[in-house]
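J.: Input sequences plus hints: build the corresponding full structure.
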Amino acid sequence: MNFDLSKGLEWAYRDMLTFFPENVSTFGAQLDSIFALIYWFSVATFFLTYGLLVIFMVKYRYNEHRKAYYFHGNNLMEFTWTLLPTIFFVGLGLWSDGAWSKTKYASRVPKPDVEIDVLGYQSGFGWQFRYAGPDGVFGNKDREQITIANPFGIDSNDIHGKDDFVIISPGGSRPIPIHLPVNKNILVNLSSNDVLHSFFLPNFRVKQDALPGQWIKVWFNGSKIGTYELACAELCGSGHYNMRGQVFIDSQADYDKWLDEQYKISKPVLEAPVLSDTTIVASADTKDSKTTKN
Amino acid sequence: MQTAVANANEIHGHDTHHGADHAHHELSFIRKYIFSTDHKVIAKQFMAVSLFFLFVGGLFALMIRWQIAYPGSAIPLIGNILPNSWVSDGAVTANFYTQLLTLHGTVMIFYVIIPLAVGMFGNFCIPLMIGTDDMALPRLNMFSFWLVPPAGLIMLSGFFYDSGTAAAGWTGYPPLGPTSGPGQTTWLVSLFMIGFSSIMGGTNYMATVLNKRAKGLQLFQMPLTVWALFITAILITLGTPVLAAAIAMQICDQYLHTGFFMPDNLLVTAPDNTYVTNAFIAQGNQLLEHKQLLGGGGQPILWQHLFWFYSHPAVYIMILPGMGIVSDVLSTFARKPIYGYKAMIFAIMAIAFLGFIVWGHHMFQSGMNPLLGTTFMLSTILIAVPSAIKVFNWLGTIWKGNIRFTAANMNALAFIATFIIGGLSGVFMASAPVDIYIHDTYFIVAHIHYVLFGGALFAIFAGIYYWFPKMYGKMLNENLGRKHFYWSFVFFNLTFYPMHILGVGGHMRRIYNPYIYEFLQPLQPMNQFVTFAAIILGFSQLILVVNILWSLKYGKAAPRNPWQSNSIEWSAPAHPGHGNFDTDIVVYRGPYEYSVPGRESDFYPQTEPPSENEVPVHSGH
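Listed in order, the protein sequences are those of chains A and B.
Residue numbers are given in this note's numbering: position 190 of the first sequence equals residue 190, and the series is strictly consecutive.
Residue numbers are given in this note's numbering: position 108 of the second sequence equals residue 1108, and the series is strictly consecutive.
It should be emphasised that the hints constitute simulated quantities derived from the structure, not laboratory data.
Where is the CB? At the ideal position from N, CA and C, for every residue including glycine.
Take the hints with a grain of salt, since some may be wrong.
[Claimed, not checked] Covered, in the sense of this in silico footprint (three residues per stretch, anywhere, with C-beta under 8 Å from a C-beta of chain B), are these stretches of chain A:
| no. | segment |
| --- | --- |
| 1 | 11 to 18 |
| 2 | 37 to 43 |
| 3 | 47 to 53 |
| 4 | 82 to 95 |
| 5 | 184 to 195 |
| 6 | 229 to 237 |
[Said to hold, decoys possible] Coverage of chain A stretches by chain B, computed from C-beta distances (three or more under 8 Å per stretch; other residues unrestricted):
| no. | segment |
| --- | --- |
| 7 | 58 to 64 |
| 8 | 102 to 116 |
| 9 | 213 to 226 |
| 10 | 241 to 248 |
T.: The following block contains the structure:
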């Protein structure tokens, strides 16, 4: 039950901006700079308003010999303090929109160098990652072929899917890391088969909810070799806190080597022994879903 | 308009007469104190129930805080007496932790802040401040209160299920919500009931303000508290039915296997393997059973749209009454007219209107089309403008005032101070690209607590200190009031300010054990600091309870108008009975005529007839 007071005192003097985890993504600096702009604007507003508040409280404290100033307000003042914030906030909105559309609009996702599929999962709380395998092309996804053994619903009729491999990383203190190359545009197709999760890479300033029933494109470009943590930021059950993942940003050569090894040790999804129930489930479900569709 | 006012007066006149008749025959104890239709008794009932829930919700918060500061270590004092389904070796389990955070949010919002801000002050202030005898629909008013205790019991009863109570957060997002067991159902049913309580209250407030104003009282002569509550009532009446519909849809998804929110082909594990909605029941990687159920084809985001379409305006439902209360308290104790009365009203209206078109800012990272994010970002950022107008007007009000530092006024000033910080931190998350990083982190937790605890709750405290004499006919102890204020204000800031920093450090919300993550491990000392501050903050609220109980028994008898205030309620007897006023109320002016030049006293009650040789005063200029 240790409690380090000296650290608390030291922190009290530290600028809030210094608490950000190191930024290692290409667009992260722009997001951080908008944060910093709002931060300094807030600091200025804070001192302006608190200054007035404290001065008025001291200067105009109660005195029985004095009468307050009978004054109902001034329209020019009202106009001024409506207009100035409006100009600032509209400007902020327009500037923010540039960064927002760049990071999130599907139409502005850059051409990917590496593409992976990611699922958050709730039964055990962790992440599933799918790499395209040696052919570099993903097999088609078919929601109606989703089973426990084939969480991505890789289409068994698609030849490109045969070499796709899946890494299942349980959460907790020892997740199975995934690797990605440095200085490359990474595209993550994100979804979930159970509840909402949120794909949060603090160092890359990336956060996107995983939405069952929909694949969402998330992109980033890591600019520094190193090991980074992946977290879940949307409540997904009692093990939510445990959905820790690890991302290694490697040089291209190290990444290629790792990819090769992973392919060799992984079992292709579609050739894995299938639980006897699953087939029944899949077919029953196919039938059911088709009825819904029609 | 003229006819409407005349008509209202007729009704009012009739009702006063009726009320006087009632006063002659004694009501039974049950009709007088339990199933009462008197708005003041109902206000007291709301106050008692909500203050009880304040401590329940606070206890949940402290248990959450203990776990974050010292994960896995036993909760002091109570850890070892809690049942084994909640704790292991005295420390909360992960499952119980998610239940606690769900219930903390739900209880504080729906059973504490809304009933206090709207139920208690709406009931107490509206009829008295517009100079009438009771609500337009007193029986509906009684029903609106009597839905709250059963709803609260149902909410708490969820804890006694083997699988525990709701554990999907106060937002109850599907698919987690509908698949997480019967506790979620008690949560939904309870919210449905309390929603109806709100709707009943809201319609009643609107009817009362529009139809029952005292003779001569025009809309633009009403105190800002009444204006704020009136606009809040409109928000409630427009927003709450949407939540009710969404709740009904989630119950249908859970039990009738409809597909409003549930997509196809889910692989869901349920805690008790019973309430799996479609396709599979699984545990670990083992497929246990396949249930052919209906459902599927739905969209989880639909819930988020419906939920936030209510719950964002709900933020304003919680804070607007506080803004009104603070305006009145501030003007009274600064002995000065409120600065920019009409600007304040238009700002409230602007906040209320914008409040209905910004809900998507809760969903920037939800997978909603990012183009909508742009729209919602712009509307959200604009809400800072009316908020800024209000802050500047409050500052203008105390400028050149003659400020009395009563416990009520200190809480009102604290409201402004914390609302400034809460408003500024809101600008960060309003900017969608900044929100990418801080979304679902402690930065959001800090913001919501600055607005709802620092904002709404301090305003509620101000209101309690201000109107307690009229409510109970006894003065609250000022000394204890100041102590309660100092302890609350200092430890409020020590609790919630560091949460901004935790958020900047990337600390996610709703995390049972943050130190699984390496990047959060250095933040543990700060979490411990926050926890100790929170414990002191929690215990300092006992001062308020002691003050209330002590003052009820030993407090000085309150005079009719202890604060030399202008508004109409202070013309009523010190402890008004059923029917409120002992004189006919005629209103001659607005509520903010303080320090009028040429007058002996520094206040000029709304109901005081102008002296014969007096030049009429303009309100406004």
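J.: Run every hint past the structure and note whether it holds.
T.: Structure-based check of each hint:
1. A stretch counts as covered by a chain when three or more of its residues have a beta carbon under 8 Å from one of that chain; for the segment 11 to 18 of chain A and chain B the count is 3, and the coverage holds.
2. Note: the segment 37 to 43 of chain A has 4 residues with beta-carbon separation from chain B under 8 Å; the three-residue rule is met and the coverage holds.
3. As drawn, the segment 47 to 53 of chain A meets chain B at 4 residues by the rule of a beta-carbon pair under 8 Å; at three or more, the given contact holds.
4. Counting residues of the segment 82 to 95 of chain A whose C-beta lies closer than 8 Å to any C-beta of chain B gives 7; at least three are required, and the coverage claim holds.
5. Given a C-beta distance limit of less than 8 Å, the hint that chain B covers the segment 184 to 195 of chain A holds, as 3 residues qualify and 3 suffice.
6. Here the segment 229 to 237 of chain A counts 8 residues with a CB under 8 Å from a CB of chain B, which clears the bar of 3, and the coverage holds.
7. Coverage of the segment 58 to 64 of chain A by chain B holds. Counting CB-CB distances below 8 Å, 4 residues qualify, and the rule asks for three or more.
8. A stretch counts as covered by a chain when three or more of its residues have a beta carbon under 8 Å from one of that chain; for the segment 102 to 116 of chain A and chain B the count is 4, and the coverage holds.
9. Closer than 8 Å: that is the beta-carbon criterion, and the segment 213 to 226 of chain A has 3 residues meeting it against chain B, so the requirement of 3 holds.
10. Given as covered by chain B, the segment 241 to 248 of chain A passes the check, having 3 residues with a CB less than 8 Å from a CB of that chain where 3 are the minimum.
The earlier numbered hints are all upheld by this structure, with none contradicted.
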